[in-house]
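Colleague: Chains as they are written, first to last, in this note's numbering: chain E, 1 to 555; chain B, 556 to 880; chain F, 881 to 1368.
With a straight-line cut-off of 30 Å between C-alpha atoms, the simulated BS3-like cross-links for lysine-lysine are: (1) B:763 <-> F:1049; (2) F:1053 <-> B:763; (3) E:184 <-> E:204; (4) E:466 <-> E:443; (5) F:1053 <-> B:575; (6) F:1252 <-> E:203; (7) B:575 <-> F:1064; (8) E:109 <-> B:580; (9) F:1064 <-> B:580; (10) B:575 <-> E:37; (11) F:911 <-> B:763; (12) B:580 <-> E:37; (13) E:37 <-> B:584; (14) F:1021 <-> F:1055; (15) B:778 <-> F:898; (16) F:1018 <-> F:925; (17) E:115 <-> B:584; (18) E:247 <-> F:1252; (19) F:1335 <-> F:1213; (20) E:115 <-> B:580; (21) F:1181 <-> E:397; (22) F:1062 <-> E:466; (23) F:1049 <-> B:575; (24) F:1298 <-> F:1252; (25) F:1293 <-> E:203; (26) E:397 <-> F:1298; (27) F:1021 <-> B:763; (28) E:204 <-> F:1298; (29) F:1103 <-> F:1021; (30) F:1062 <-> B:778; (31) F:1064 <-> E:466.
If you are wondering where the hints come from, they were derived from the structure by calculation, not from laboratory data.
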Amino acid sequence: MFLTPNLGGKRLAEINKENIQVRVRVDNLRTRFFTSKGIVKAIDNLSLNLLEGETYGIVGESGSGKSVTATSIMDLIPDPPGRITRGSIFIDGFNILSGYDKHVRIIAKSETNVKFRRRKRLIRKHNYIISGIRGKKIAMVFQEPFLSLNPVLTIGEQIEEAILLHSRVSIANSIIRRETMARKDVEKFVEGILAQPDISTRKKMINRWVNEFGVPDIERSLNDLFENSTDDSFITEEAFALAEAEKTGINLDQIYTARGYFDLLDRLHETNLQLIEAEATGNEEAVQRFRDEEHELKSALFKEYFSYSIQRRFLKRVYEKPFKDVARRRAIELLDLVNIAGSERVLDSYPHELSGGMQQRSMIAMALSSNPRILIADEPTTSLDVTTQAQILELFKDISRESNMSILFITHDLAVVAEMCNRVGVMYGGNLVEEGTVSSMFKDAKHPYTTGLMNSIPRAERRFDKSQRLESIPGTVPNLITPPSGCRFHPRCKFKMDICSEKKPKLVEIEQGHKVACFLYSDEIEEEIPDDFYVVPKNEETEEKLFNEAEGVTQ
Amino acid sequence: MVDVDAFKTEIAPPRKIHPKVEEMKTTGKLFLTNKLALVGFTITSFYFILAILDAIYPQYLGVANDSTYLSWVPGGTPTTIQPSQLLSPSLTPAGGWMFILGTTFYNMPIFPAMLAALKFDLGYSLAIVMIGGGIGVVIGVISGYMGGIVDEVMMRVTDIFFSVPFLVLAIAFLFVFGHVLSSVVYALIIIWWPIYARLTRGQALSTKAMNYVESARAAGSSKLRNIFVHVLPNVLSPVYVQFSLDLGTIVLIFSTLDFLGIVNGNPNVPELGSLIVAQGNGLSWLIAGYWWPAIIPGIFLLIFTISINLMGDGLRDVLDPKLRR
Amino acid sequence: MINEVGDENVILYVSGLKKYFPIYGGLAGVKGYVKALDDVTFALKEGESLGVVGETGCGKTTLGRTILDLIEATEGNVYFNIPREIMRRVISLEEKATSLLEKGKTEEDSEMKDVLKELNPLRKKHSIPRMGGRDLIKLRKYMQPVFQDPFSSLDPRKIVREIIGEPMKVLLKMKTNEILVKEKEIIEEIGLSEDHLYRFPHEFSGGQRQRIGIARAISIEPKLLVLDEPTSALDVSVQAQILNILRDLQSRRGLSYIFISHHLNVIRMMADRVAVMYLGKIVELSSTEELFTDMLHPYTKALLSAIPIPDPEAKISRIVLEGEIPSPSDPPKGCHFHPRCPVAMKNCGWSPRNLSGPLTSMLDPIRNQEAKTIVGVEEIEVDEDGNKLQIIFAESTPVNDRHLQTIRDLVEKESLQKNGVVFKAIKEISLNPEANSVVIEMIQSDTPHLREVRKGHFVSCLLYDYNYYDQETSREESNAPELYSNNQ
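With the rest of the complex left out, here is chain E (with noise of 0.2 Å):
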């Protein structure tokens, strides 16, 4: 059971609370990295939800895993050496990591000496369930933007490719509904706008029905139309004659070809992905059903592929031309919804043409393209100044605000959660040591790590006098391949006590929605699960050794 978010912020005390839907859960993630020096330990069963419409911060130093929690919820940590080892990660329900452990199996001789078995035909199914729900159902921003863009390939480009990835089967419909528009649909569509007197209800739904029929052009002259007009057998004409010179007379049978395929396609990701869940939870009957249903569409899907290739082989570029102009039209779309002036200008730049504002504003356009319901940030304000940073962090809610996303937004600092965050988690060594709502955890931080950090922040709105000194934490981030035993901050923490370096403490609940996991606050004890890879070489030497110690044997 989750627990009720007590949810700061105006915004998310309207949301009814029974209905907030948890959109990312990860239970007990735990990522390893195999390197030649020894196994990092980057994140330590990590537990967080992300819920609908929130945004939720990560902070920590580097080093502490918030961008590996990051890559590990995206299911992009590289692969060697990298490995999530354990946790189950449920985007919109769905587990992510079913069967993951199955792909390949670690055996580990020592720190150094791992062996990987992979199987790699699990692997390349769960990389292609992994692909459909990335991108489409989750997006990610990055640090740099400047190394996240193809430098070969212009914006315009690389966000028509986006959308092109997801969206086929909705601009193939809007193709089709554009070109067998007939005069009943644009009377049923001025009837609608007529009887809303609201102006700007209005307006939302023009732009609704342009880009469902697929003729975003004429968006402006419909406003115009029903700004000046209330006859609506004038308008209707009007509007109608503008819908008709939209048309091009395109061949339709292509569009419905490809429509087709993509159309089979996506049902066949979708059945993928129920037999996955259904598997997980046993039900043989439903796992049967699924399955003949997966090998129905292979089959349909077999026989669509050869006329669709065969048709885009001899067609390409007629057979992509339509698609490429609804995927630019709606890139431009893209860009002006993130606050891109001159978007034409700038979808036929290429990255290097841009300053870092602007191309973090691609990036973001890019992860909107397929209107994902999550969003990971990882430090998108870093690279920036601060000017730049004001700007990108107003777009991030406005977004947030407008399309009531869930974005996870992974920063170090602690002013930007402050500003942007409805919840916040503070990471060190791997682990989450503290969770709570940006108000409480501001007014009154718990966690000797979280107060140290935000009291080793020089302030600029207050007066610094010249005998005043920071508080620092002292020492550095320990090092993740041999990491500190029990509480990972104790060797930093002030508050020191015997049984931080033996036992690790428990994320617990110790306020109405803030956690925190510290020996301070309470006595719960986190139970240590090993590692199940490593392989405890056979020598009888240590086996009495053990034996020896076991008995008490002293010599």
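Fit chains B and F to the supplied structure of chain E, relying on the hints for placement.
Modeller: Then chains B and F, alone, in the frame of chain E:
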């Protein structure tokens, strides 16, 4: 006075050996973990040891000295022989163990001939790489660090040398300095240094932009000191790799030239290429079925080039800081 | 500026410093210049720390390097560590020369000649960019840099002992055993132990490396440290350690700092005075407290309002700037900030190229219904040198007074709108029947100079310069006229 103790002093565990020695040890360890590189290294060093042994104790390996290279040819004077008179490889050779791999033209035994050839080839190749590399590295580092007009002039000169076709130069030198291997050596040195100059210049340019070079300047370090104390040690890693690969390449070039007959074979100066040609009386012995005079030196050369390349690749992996840390 | 210095010792005086990086364009030679530093002047007192803030490309890093002579200055003078009396003389002479130049006097002018006669020998002897190598080495003992990236600022092939000892070895010519004694002392001071001396840089964490960098810099007991973003690459908890160390060192050794950073919160903690830079120029210079509580320049206002505050309940009224920082190779005319400035006036530097965009949209009949009567516009020609634009009409539509009147009306209307200042910068609109065009001439813009508007508070903005302040156009009347009267 303000309280100075900003944080506790961090104590490092003491270290017994010098850090630079330890660094070399770790490099060595890393190198040894790469199995292919290890094989390459072993074989290459075996070749070098053979060559060195042959240079120091020629009497034990059969060739007393260069001028008497042909002294063990039956009769003492080189006389062309028919292929049918060649001895084929055999585990119990008739004329002693040096005949184990058979004989080649003039009926001389292949094994000692190959050793003597190796001695020459490796010696020349080392000389070329060291002289050429030395010149190239110094020019490259200076040109890269100084920049401006110095760089412009030095690089144009390098371009000129780069554009000289090697074969033409070698032939010209053979005419000028006579038909001896050393003419080819001069030609190769002239051809070879621009490669190193280019390589180090690129490295020096990126090293120059590093902050530590700037802070050395702020610490009063002169340009020359900067070049040799800070820039040079930091540009050498790729040079070492190039160095090792070139050793093999040059041996191959020598053999090629000799194979083509451009360096007129003086039988007293043996060379792997001339051994591979292995023909007399205008006949190709290989076609006639006498395989060993060509194939055995050929394999000998092949193994050497492959292993030195393996070693070079291993070195590259170890010395590349990106792959290490 | 000497008044502001008062009786305290000035350790560093930078006057009219310029650094132009040439842009090479293939065979054509030099295509243009990136003006990384454009006429920077300031003084640094002994024991003071001057913060330099600005965004990427504003020239703050170049400033630090040019002062240290790691980059050769294109023009200007840097005086460092010279006897007090000479320094005062130099400052007053340099200021006189600058004010004469601003008045438009050339070197031929008799007044100017007098100043230069005395100034030139002083420049030759004491100014760092004009100094010989040997004199420079003597000065290097007293100034040291600390760089941003702790991963590239230490030679990876040297052990810490060699790294820290290098300045002592080269500049002070100390013996190896003396160096070692000193090194042991210093490494303790920055919180590392003796054994750390025998390690390679890659064995240290970022914070430790930065401490080594500081140890190296202070090993020769300098008077000035140029700290170029010393904590930008570090985590906050480590940043706090380094900042504390730097403050302790300053209070114990009486060091002067030039603290370059884009983190305004760090600047507020570390600096006594702050210089805000924008596109190679200092736009505001004042004491830290005054800058953060009562800033004057519109850019500073926007910059400070953009800092996120680690307090969710804080109310920030944010000025979000429009657009991007212009390229320093082709900065806007007049005040570099004017195209993004929310309170720009008509004389702030609007030039024809700024007007061509708004003019096009003004004449666009889709966006502007009233422009429907003007048909046949072929192109808008920008004449940057002549400071005018021409709206050229097609031959089929000869221009007449009606066109002229409509355009005048439109301009009038546009100038009253938001962002309409650029239309106010139009001086005259006339007909040119020969070219069949309407000529729009623009007013000459003014360039702001760094002026002291309050005690010790320098701003480079026409709003605060009573010679140029334009009451009619300024939209920030509440603030500016008051200052205007103050200054009288």
